[in-house]
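Chain order of the listed sequences is A and B.
142 is the number that this note's numbering gives to position 142 of the first sequence; each next residue is one higher, with no gaps.
The number in this note's numbering is simply the position in the second sequence, starting from 1, with 304 added.
Hints are supplied without guarantee of correctness; some may be wrong.
[Stated by the list, open to error] Facing chain B, according to a computed beta carbon distance under 8 Å, are these residues of chain A, among others:
1. R71
2. T109
3. E146
4. E192
5. T198
6. M213
7. G216
8. R292
Just so you know, the hints here were simulated from the structure itself, not pulled from any lab data.
Note that this is a predicted model, so its numbers are computed, not measured.
Beta carbons are placed, not taken as given, at the ideal position from N, Cα and C, and that holds for glycine.
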Amino acid sequence: MKRHLTPLYGCALAAALLPTGCSTVAQYGTMAGQAAGVITADQAQSINRSAVAMEKTFQDITPEQEYYIGRSVAATVLATYRPYDQAALNQYLTVLGQTLAQYSDKPETFGGYHFLVIETEEVNAFAAPGGLILVSRGLLRCCRSEDALAAVLAHEIGHVQNQHGLRAIKKGRLNAALTTLAVEAGKNLAGESLAEVTKAFEGSITDISSTLMNSGYARTLEHDADAAAVQILSRAGYNPKALVDMLGQMKTRIGVETGRGFGKTHPSPDVRIEHVRTLIGAQLAAAVPAARQRRFNDAIGMIR
Amino acid sequence: MRLKMSLLCAFALARIVSAETMRVQVQSGQVRGTPSFLGQVITTLPYGQAVEITGAQGAWTQVRTPDGKTGWMNSSALTTKKISTRTGGNVSAGASGNELALAGKGFNADVEAQFKAQHAEVDFACVDRMVKMNASPSEIDAFAKAGGLKQTGGEQ
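Chain B extracted, bound-state conformation (with noise of 0.2 Å):
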């Protein structure tokens, strides 16, 4: 009974702990002012940086960020799961070890420099120009609008 009550306590405590943060899952982590791909930018924020769930609206979460700022995030950008983030090479300090499975080491930019390295016939050259082609949430807009789509902006 006893050991029931002080699992069910840690569970708890796990889950209160749990529920509140969640991690950005991207490389740049776009906090904006209203739920909505069109809404403004107010911070950027780096992958695995932890963040403090405040609400949710759809496809948006509402968080807090480390230096008191409430946003909202697109949910895809964020996980339940513990990401660590690399500095220079090493796992920031503190993180246990099933946060450092997860953490970016490994299939990373010195893999890949070694495999580019054993492949010369790979075209990284045009993968880095692909990367860098976007549209702005505005041009999405526009050419939702345009073409006579529903309105865009991830609100759905």
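Only chain A is shown next, with the shape it has when bound in the complex (with noise of 0.2 Å):
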């Protein structure tokens, strides 16, 4: 009678065949065609190639490679718009900002958020990957309150969280980009592979820019940053209605504005404003302190 295995040796046995290195459909098949002599090594990286190739999305992104990505989006935005070198308002921005992350989703990032602001009458801001957040000094001056600007940082913490920058990649410039990092896995980086990556970064740090800058993020990715802001403001304790009160603001200030900035790359701040009603729904706030407003003037204070 043929002896047959019992569930602890078919265990180990599944476990044993289970190669440790290989994670897709195309890996156990190229290793079972090599091993079976049908196809030489060469072929089967080949394979492998295009397998790992068709499989990457930005969901791939390492948080390192995120955090890098974010420093040269943010270092490219502040070679077309120079920092506001204010000290105790980039305090004042860095406290709040930090401040409400914790109350986010995602409150920690592989370098952590940080905030400044930019020289420009422009309503602007943007949320480099990892969370480098810039904000213009026009958008500075939609504020009314302490309220009004952490919806502001809110929205772009919003970003940051659900890695809206990372998803204007252009897909095929990740493939390239991840496919020869892992087939050149093991090896140091060098010459054409070299080349070919910091092609890919580069391309990538222009489809971030560019989308941040010129094109803007599609309608839905703003509204789920303006979903995350209200979540944001309500747990820290803000009112969310500050997010309407600072997008009429907006409204009037864009009125006259023409070229770049929110005009451009955001939804009209109507569409917004009905969709953040929605969300807050019959919210009651509560009464604002009064050293929030009187600190939040102090540091706001000096770019009016």
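Could you fit the two chains together into a complex? Lean on the hints.
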């Protein structure tokens, strides 16, 4: 009589048969193919390369890679928009922004959230991947309270926590870069591979920067960021209606604005207000402590 | 039937192994004495470090570090994905292909340096200044209290 394997032996066998380094069907297939002598190692690599390419999305970008992408995106935006070097204002923005981040769904990122005012009258803000957030003087002028400024920053934190920037990277570009990394893994990148990855990196930075500065995100992503803002504001104890107030001010200001800015890259304030109102519902706002408005006036007063 | 049992067994085995371990996905993984940003930092773990999961409370995960310390990390600092770390530009030995794909190779400081060399106009000096601007958990707590905000610390 033929001896049957007990489940325990079967388990050990199954575990032993599972190749540890393979995650895709293609990899299993090419391993089997090579073992059977049907395909060469070169052919296997080529098949694996295209299989890996098909599977790469923005979610395959590691937190460290996201951090470096974000640094270069911010550096690129800062080539067009200069920083507003006012230490007290930037410090206020930093404390407010980092406080809000604690109430978000993603309080910690690889390098943390950082905030800076940029010197332009345009109504504009940029959230680079990983948490580097730039806000224009023009947008600060749309805020009449700390709650309204919190709404602006919480919206940008929403873009970061949902990784909207990374989604702007053109798909083919990511495939090329991450595939090179996967195939070249285990070696130090040099020569052609390094050049290939740098080119894909450069392309990714261009994709994100031009989305932030010129074309803007899809309307649904802006609504997602507004929804995240309402959630963060409510959790923190800010009045989410301040987002509506800020959008109302923005509407007045971008009415006279031409060229760049939120007028070009964002859905109209009216569309956003309508959406935000449905999210807030009939929430009652708590009274704003005098100290909150006072510190806002002290910090923002210098740009008025 | 036997195959089914074996597969079930293998999956169960994989589940047990992966359920207990997570990896640090931030540059400086802070392990705190209590589940709050206000909790004292008892140790700091590097990116990619594996930790053993021993509990959870709200947005916080209780971990045991490789040197046996137990503390709390904000769950957003941890991932179930495998992240391999680099050692002097080399990926650490023993990592599988899938781990390597997720390693910090590629879009890293080396590529940033290349990008920087090719783009004189981009302003990394400003970014470097920006990433140094921080508020401590106690400053954040004082800011929230003075402004009449809800309890900070990320406990919610």
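Hint check results:
no.: 1; hint: R71; result: 5 Å, holds
no.: 2; hint: T109; result: 7 Å, holds
no.: 3; hint: E146; result: 7 Å, holds
no.: 4; hint: E192; result: 13 Å, violated
no.: 5; hint: T198; result: 4 Å, holds
no.: 6; hint: M213; result: 13 Å, violated
no.: 7; hint: G216; result: 22 Å, violated
no.: 8; hint: R292; result: 4 Å, holds
Violated hints for the displayed structure, listed by number in ascending order: 4, 6 and 7.
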